[in-house]
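Residues per chain are reported as follows:
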Amino acid sequence: MDETDEVLAQAATGDMDAFAQLVRRHQAVVWSIAHRFLRDRTLAEEVAQDVFLELFRNIAAIKSDAHLLFWLRKVTGHRCIDKARRERTHLQVSLDEVPEPFELRTKFNASDPLLTDKLREAITGLPATPRMIIILRYQANLEPMEIAAALEMSVNTVKSHLRRAIIVLREKLSRSIGGAFV
Amino acid sequence: MNRFEDELRIALRSEEPPAGFADRILERIAKENFQVSAPLPPRRVWQWRFPMVFATAAACLFFILATTVIWIRQQSNNTNQTAQTIVESNSNDILPTVETPDFTTEVKDKPKEIVRLSSPPVKRIMKSKKVSSIPQRTLRKFAVAKPDAVILAKNNELEMRERNKKDLIAVLFVVSDELKKIKVEF
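Chains A and B are the protein sequences, given in the same order.
Residue numbering for the first sequence follows the numbering used here, beginning at 1311 and increasing consecutively.
Residue numbering for the second sequence follows the numbering used here, beginning at -6 and increasing consecutively.
No lab work stands behind these hints: they were computed from the structure.
With a straight-line cut-off of 20 Å between C-alpha atoms, the simulated EDC-like cross-links for lysine to aspartate or glutamate are:
id : chain 1 : residue 1 : chain 2 : residue 2
1  : B       : K24       : A       : D1327
2  : A       : K1384     : A       : E1355
3  : B       : K24       : A       : E1355
4  : A       : K1428     : B       : E8
5  : A       : K1482     : B       : D(-1)
6  : B       : K24       : A       : E1364
7  : A       : K1384     : A       : E1456
8  : A       : K1384     : B       : E8
9  : A       : K1428     : B       : D(-1)
10 : B       : K24       : A       : D1360
11 : A       : K1469     : A       : E1481
12 : B       : K24       : A       : D1325
13 : A       : K1469     : B       : E(-2)
14 : A       : K1482     : B       : E(-2)
15 : B       : K24       : A       : E1356
For reference, chain B alone in the conformation it holds in the complex (with noise of 0.2 Å):
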C-alpha cells in the first residue's frame, strides 16, 4: 500500500447522514405507502433453458431446411443447364460430324439405358479422380467423344443408346483427362 492509496482512503473516508435522515425515510415510506412485495419464487433451470433450446433448435432446422432447399434448386439449375448444353453442342457447328440423332425412331428399336451420374461405377471413377461432381464441360466432352451414346442428359441421368452400361463408364475414362484438371465443381 502506497501513500497515494492512503491518500485515497482518507479522501473517501465513510461519513454519517445528516441528523433525522432515517426518519425522513420512514416518514416519506408511511406517507407513499410503500408495501413490501413478495419474493418472486426463483425460476428453475428448464424455464429460462427451454425457450433458448427451442429458439435455437428452430434456427438450427430452419437453416438445414433452407439449405437443402437451394441445394436442390441449385442440381436442378445445374443439371437442366447441362442438358441444354450438351443438346446445343451435339447440334451446333462446334460438332460438324455430329447428327442429332431422331430418337423418336432410334428409342423405339434400341432400349435405353440410363446411368445416373451418382451410380457406383460412376461414382467410383469420379472417386478415384478426386472429384465429388462432373461439371458441365466435361459432359460437353463426353458428348463430344462419344456422340452416339448421349441422346439427352436431363435430370442427372445420361441415357444411352447401347445397352451395356461398360461404354459409358469408357467414355467417362476417356474424358477423365479432363477430371483431373478440375478443382471447382458446380
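Just chain A, same shape as in the assembly (with noise of 0.2 Å):
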C-alpha cells in the first residue's frame, strides 16, 4: 500500500486531516475545470465545494488515487455541465474575468494574450457538452475514450463533439481577429 492509498484509508475511517491532503492534492484540478467552464469565480468555488463534499460523502468507495482523480474529474464535469443548463452561464462574463496585464501573462507563456483571450470567449460560446469535452481533452490531457467514460457517452459522440467544437472554435476565432487561423 503506497501512500496515497494510506491517506485514501485514513480519509475512508473520518480522518479530517487526511482528507484535507486529499482536497490539497487534487483541488487545482477540479477548480481548474469548473473555472474554465464556469468563467466565473463564485460559481466556480461554488461547484469545486459541493464536489469535495460529495468526495468527503463517498471517500469510501474510492479504491485508488487513479480512481480518485477519474472520480473527480467525472463528478465535476457533470456538475458544470447541469450548473450551465440551469444557469445559461455561457451567455454571461462575471466581472472578476476582465482579462489581465499583459506583464502577468507573459509569465507563463509566449502566446499572445489577445488571441487567449478571445480563443475562452469562443469556448465560453460553446454548448455545455463540447465545452467540458474541450476542456477535458485540452486541458486535464484526456484521451476521447477516457473522455467518454467520465462524461458517460459513447467514443464516437465524443468524437464528433470535438471535431465539431474546433471547427466552430477556428471559425470564431479567424472572424474576431480577422484572416484564417491554422
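Join these two chains into a complex; the hints should help.
So, in C-alpha cells, the structure goes:
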C-alpha cells in the first residue's frame, strides 16, 4: 500500500487531516475545470466545494488515487454541465474575468494574450457538453475514450463533439482576429 | 499537434484555486456535520440480472399465450364461417340441384364418416399442393362438387354419409385446381 492509498484509507475512516491532504492535492484539477468551464469565480467555487463535499460522503468507495482523479473529473464535469444548463452561464462573463495585464500573462507563456482571451471567449460560447469535452481534452489531456467514460457517453459522440467544436472555435477565432487560423 | 491545439492548451491551462479554498471546504464539512457513508456492497451479477431475465421470460410467456388465444379464436371463427357458408351454399339458389339432405333421418341409416381437415391423407394432399390450410371458397366448391357427401362442416370436420374416406379425398382432388391458385389462407 503506497502513501496515497494510506491517506485514502485514513480519510475513509473520517480522518479530517487525511481528507484535507486529498483536497490540497487535487483542488487545482477540480477548480481549473470548474473555472474554465463556468468563467465565474463564485460559481466555480460553489461547484468545486460541492464536488469535494460529495467526495467526503463517498470517500469509502474510492479505491485508488487514479480512481479518485477519474471520480473528481467525472463529478466536476457533470456538475458543471448541470450548473451551466440551469444558470446559462455561457451567456455571461463575470467582472472578475476582465483580462489580466499583459505583463502577468507573459510570465506563463509566449502566446498572444489577446488570442488567448478570444479563444476563452469562444470556448465559453460553446454549448455545455462540447465545452466540457474541449476542457477535458486540452486541460486535463484526456483521450476521447477517457472523456467518454467520465461523461458517460460513446467515444464516437465525444469525437464528433470534439471535431465540431474545433471547427466552430477556428471559425470564431478567424472572424474575431481577422484571417484564417491554422 | 498544431498551433491551434497549442493555443487551446494555453488558454485552458490549469490554475490554483483562490487562497483558503481547502479550509473553506473543511469548515463547511464541520459546520454542516457531514458524515462519511459506508461503501455499498458490490451487487452480485444475479442481483441485477434476475429481474431482467424474469421480466423477459414473463413478457415472452404472455406473448405466446396471447398469440395462442388469438389463433384459437380465429380458427374457431373461420370454421364457423366456413360451416355457415357451406350450409348456405347447399341451400341457396346457386345450387339448384342440391337438396339439403334430411340428415336427421339419413344419419341414422348410414353411419357418419368424419374426416378431419387435419388428418394425414388430407394433409398429404395439401402438402402436395403446397398449401397450409383450405380456404372457405375451396370448401364451398367442395360442397358443390360433392353435395351428397357433405352434410355439415363444423369445428374443422367434414361429415360424410359415405363410409369410405377415399371418396372425400377424391373430391378434394377434384377441387385441387382451386388449391393451386391459393396464396393467402385464412
